[in-house]
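K.L.:
Sequences listed follow chains A and B, in order.
At position 231 of the first sequence (counting the first as 1) the number is 231 in this note's numbering, and the numbers step up by one without a gap.
At position 81 of the second sequence (counting the first as 1) the number is 81 in this note's numbering, and the numbers step up by one without a gap.
Keep in mind that the hints were calculated from the coordinates and are not lab data.
Accuracy of the hints is not assured; some may be wrong.
Said to hold, decoys possible - Incomplete in silico selection of chain A near chain B, CB under 10 Å:
{"hint": "1", "residue": "Ile62"}
{"hint": "2", "residue": "Val129"}
{"hint": "3", "residue": "Phe133"}
{"hint": "4", "residue": "Leu164"}
{"hint": "5", "residue": "Val206"}
{"hint": "6", "residue": "Arg211"}
{"hint": "7", "residue": "Phe215"}
What the hints assert, rightly or not - In silico contact screen, one side only, chain A against chain B (beta carbon under 7 Å); selected entries:
{"hint": "8", "residue": "Val63"}
{"hint": "9", "residue": "Ile120"}
{"hint": "10", "residue": "Met124"}
{"hint": "11", "residue": "Ser138"}
{"hint": "12", "residue": "Ser141"}
{"hint": "13", "residue": "Arg163"}
{"hint": "14", "residue": "Ile165"}
{"hint": "15", "residue": "Asn317"}
{"hint": "16", "residue": "Phe318"}
{"hint": "17", "residue": "Leu331"}
C-beta atoms are modelled at their ideal positions from N, C-alpha and C, and glycine is treated no differently.
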Amino acid sequence: MILSGNPPRGKLLTALLVLVVVVLALAPFLFPGSKPANVAAKICVFALLVASYDLLLGYAGIVSFAHTMFFGIGAYGIAITLYALGPSWGAILLGLGAAILVAALFALAIGLFSLRVQTIFFAMVTLAVASAFAVLASQLSWLTGGEDGRTFRVPEMLRPGFRLIENGPFGITISGRTLSYYLVFCSVVVLFLVMLRIVESPFGRVLQAIRENPFRAEALGYRIIYHRTLANVLAAVFAACAGALNALWLRYTGPDTSLSFNIMIDILLIVVIGGMGTLYGAIIGAALFVLAENYLQTLMGAAFGALNASGAGFVANFFNPDRWLLWLGILFILSVYFFPTGIVGKLRAEPKS
Amino acid sequence: MSAIDTGAALPQQKTDYIPVLLPLALALAAFPLIGSFSTWTTLTLAGLAMGMMIFAMASGLTLVFGLMDVMNFGHGAFVAVGAYVAVVAFAPMVALTQSPSLASNLMALIPAMLLAMAVTGVAGYVFERLLVRPVYGQHLKQILITMGGLIVIEQLLYATFGPQLNPLPLPAALRGSIPLGAAAIEKYRLLAVVVGLIVFLALQFTLTRTKIGLLIRAGVENGEMVEALGYRIRRLFVGVFMAGSALAGLGGLMWALYREQAHASIGGEMMVTTFIVIIIGGLGSVGGCFIGSVLLALLANYAGFLAPKVALISNIALMVAVLLWRPRGLYPVTSR
Numbered sequence: 001m002i003l004s005g006n007p008p009r010g011k012l013l014t015a016l017l018v019l020v021v022v023v024l025a026l027a028p029f030l031f032p033g034s035k036p037a038n039v040a041a042k043i044c045v046f047a048l049l050v051a052s053y054d055l056l057l058g059y060a061g062i063v064s065f066a067h068t069m070f071f072g073i074g075a076y077g078i079a080i081t082l083y084a085l086g087p088s089w090g091a092i093l094l095g096l097g098a099a100i101l102v103a104a105l106f107a108l109a110i111g112l113f114s115l116r117v118q119t120i121f122f123a124m125v126t127l128a129v130a131s132a133f134a135v136l137a138s139q140l141s142w143l144t145g146g147e148d149g150r151t152f153r154v155p156e157m158l159r160p161g162f163r164l165i166e167n168g169p170f171g172i173t174i175s176g177r178t179l180s181y182y183l184v185f186c187s188v189v190v191l192f193l194v195m196l197r198i199v200e201s202p203f204g205r206v207l208q209a210i211r212e213n214p215f216r217a218e219a220l221g222y223r224i225i226y227h228r229t230l231a232n233v234l235a236a237v238f239a240a241c242a243g244a245l246n247a248l249w250l251r252y253t254g255p256d257t258s259l260s261f262n263i264m265i266d267i268l269l270i271v272v273i274g275g276m277g278t279l280y281g282a283i284i285g286a287a288l289f290v291l292a293e294n295y296l297q298t299l300m301g302a303a304f305g306a307l308n309a310s311g312a313g314f315v316a317n318f319f320n321p322d323r324w325l326l327w328l329g330i331l332f333i334l335s336v337y338f339f340p341t342g343i344v345g346k347l348r349a350e351p352k353s
Numbered sequence: 001m002s003a004i005d006t007g008a009a010l011p012q013q014k015t016d017y018i019p020v021l022l023p024l025a026l027a028l029a030a031f032p033l034i035g036s037f038s039t040w041t042t043l044t045l046a047g048l049a050m051g052m053m054i055f056a057m058a059s060g061l062t063l064v065f066g067l068m069d070v071m072n073f074g075h076g077a078f079v080a081v082g083a084y085v086a087v088v089a090f091a092p093m094v095a096l097t098q099s100p101s102l103a104s105n106l107m108a109l110i111p112a113m114l115l116a117m118a119v120t121g122v123a124g125y126v127f128e129r130l131l132v133r134p135v136y137g138q139h140l141k142q143i144l145i146t147m148g149g150l151i152v153i154e155q156l157l158y159a160t161f162g163p164q165l166n167p168l169p170l171p172a173a174l175r176g177s178i179p180l181g182a183a184a185i186e187k188y189r190l191l192a193v194v195v196g197l198i199v200f201l202a203l204q205f206t207l208t209r210t211k212i213g214l215l216i217r218a219g220v221e222n223g224e225m226v227e228a229l230g231y232r233i234r235r236l237f238v239g240v241f242m243a244g245s246a247l248a249g250l251g252g253l254m255w256a257l258y259r260e261q262a263h264a265s266i267g268g269e270m271m272v273t274t275f276i277v278i279i280i281g282g283l284g285s286v287g288g289c290f291i292g293s294v295l296l297a298l299l300a301n302y303a304g305f306l307a308p309k310v311a312l313i314s315n316i317a318l319m320v321a322v323l324l325w326r327p328r329g330l331y332p333v334t335s336r
């Protein structure tokens, strides 16, 4: 596709992707109201976040549990600077820059510290580090606002009260909220294209070679530790960007929205169900997941009510909307077994010989 | 004629005692900082008790990894299952648990422990069969699948028992503390130390003095060779997995009683701690895991008293320090 020579392949997949992107691009006009806007923005942010994780899991074959930590670093970078310096574009840039730097340094340190050894060791170390970071962030209240997090003000242009066009042609109103959404959307599109380019670059190819056969890659003269660490740093930087965008959209950063382990589980579910090692899986997966999170639960609620009414109290518990992760978890296990390339892999046509 | 002296003892590896001294050194170093003997005794005992419970949860994990090269990210689920077994088992035995006599308390506690181990052992068998077996040797899938298992089991627990905290009162005779001079020693912690020591000694005995233990240790060193000698290492794997799950269940029951509440989230919480412990000990090493647990728990208790803010990251700091000193843990297992 654009810039990358990595087309989605497969007609149905292309059609789906185009549909998702077009709907997201027009979301503020197609579905007015705050809930659809939140859903659309969350899909964008998660598409970016999950794609950055896919860089690590799908392309480099590394399992990290610290991805929410980098997501959180981005979110807190924006929150802390905007809270301290007041709403200005300079503060946003400063916060973003600082967050990217911190995330890159952390990723570099963790990578050099633990990527030399096995996948398992890295997974365990990242889990431990991420949980310590989450505890730290919720305890250093003078800096992060503790459990309450930080609510901050964004520059004038991005506030809901701001009107760029009021009752323009076709009765269109472009508010600060719309602008915020397009800031998120456009950044995600650009960053996603950059990632597509990265995985098709020689560097990306080497990563895949290392994933498939580390010994052979090393024998060919590629430094495994260098490539893996760089992949880790890149993924961390993209995750920090996703976190910053999320913070700007929510105008709030707290442990639950940026650092909780539940987000890590969501990322894992999305990347595996969407399709590991495809990047496009992140878009499809995120769209499905966020839609399911927001609308499937209503459906489960109906089933729950019906079962409860029919007297199947115990069985009904399994359809309680709060238990939707149960079904996703089962779907997750089944997809690791039977469709390791996820939805995207299933939809992709066999490459022409 | 023969140059080989058949009477001489086989050459043995030197035993490495430095890690064993670490918890002692830590306890001694903390004494002057804390100052008061009674506080120090209380903290040390609390640390030992916590360490023993962590060890019970972590030992299975490290053993499974050592033998099968499987890191079970769903191990925490068995901890949570153990905690809920305590809730279910204690419910019909209120008369026994609330009686002030220690004997009748133990009559409730010991069957509950055995039940927890049996339930989690069987759960471990099913888990191994359904989730782990198809992905042997594929680390990435293993991590993902077992993590998925953790999510599913956690959600099943929520669906069955509801999302609320389940209170789990300690048996009457185990509440409160025994005064020892100026120090107060909580009864339950004493029990936890005893149970933990029994688990450790039983594990050590099995591993070093029985034929099964010999096979397990040989399997850790070189599984193919054990197979070539005609032993079915698969059965050994399953047995160890079940035993490891059962120990996690026991640890979960003890931990839930210690906190006097049961909730499915303790699985995820304890997972991080057990990972740190087995990384510190050296992946696959039971002895290292024991020392790691005690070290981590002692440090957490001392730090919690001396500098509560530091205690938040004491676990991770300990892990980093140990890895800087010995990058593969206190007792690296050679084959890994």
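K.L.:
A separate judgement is required for each hint: does it hold in the structure or not?
P.N.:
Right, here's what the structure says about each hint:
1. Ile62: 9 Å, holds
2. Val129: 6 Å, holds
3. Phe133: With a minimum Cβ separation of about 9 Å from chain B (threshold 10 Å), the hint on A:Phe133 holds.
4. Leu164: Hint on A:Leu164: violated, closest Cβ of chain B at ~43 Å, above 10 Å.
5. Val206: With a closest approach of 18 Å, the A:Val206 hint is violated.
6. Arg211: 9 Å, holds
7. Phe215: 15 Å, violated
8. Val63: 5 Å, holds
9. Ile120: This hint holds: A:Ile120 lies near chain B, its Cβ roughly 4 Å from the closest one there, short of 7 Å.
10. Met124: 4 Å, holds
11. Ser138: A:Ser138 check fails; min Cβ-Cβ to chain B is 9 Å, beyond 7 Å.
12. Ser141: Result: violated, 11 Å to nearest chain B Cβ.
13. Arg163: 43 Å, violated
14. Ile165: Cβ of A:Ile165 sits 46 Å from chain B, so the hint is violated.
15. Asn317: 5 Å, holds
16. Phe318: Result: holds, 5 Å to nearest chain B Cβ.
17. Leu331: With a closest approach of 9 Å, the A:Leu331 hint is violated.
When each numbered hint is compared with the structure, violations occur for hints 4, 5, 7, 11, 12, 13, 14 and 17.
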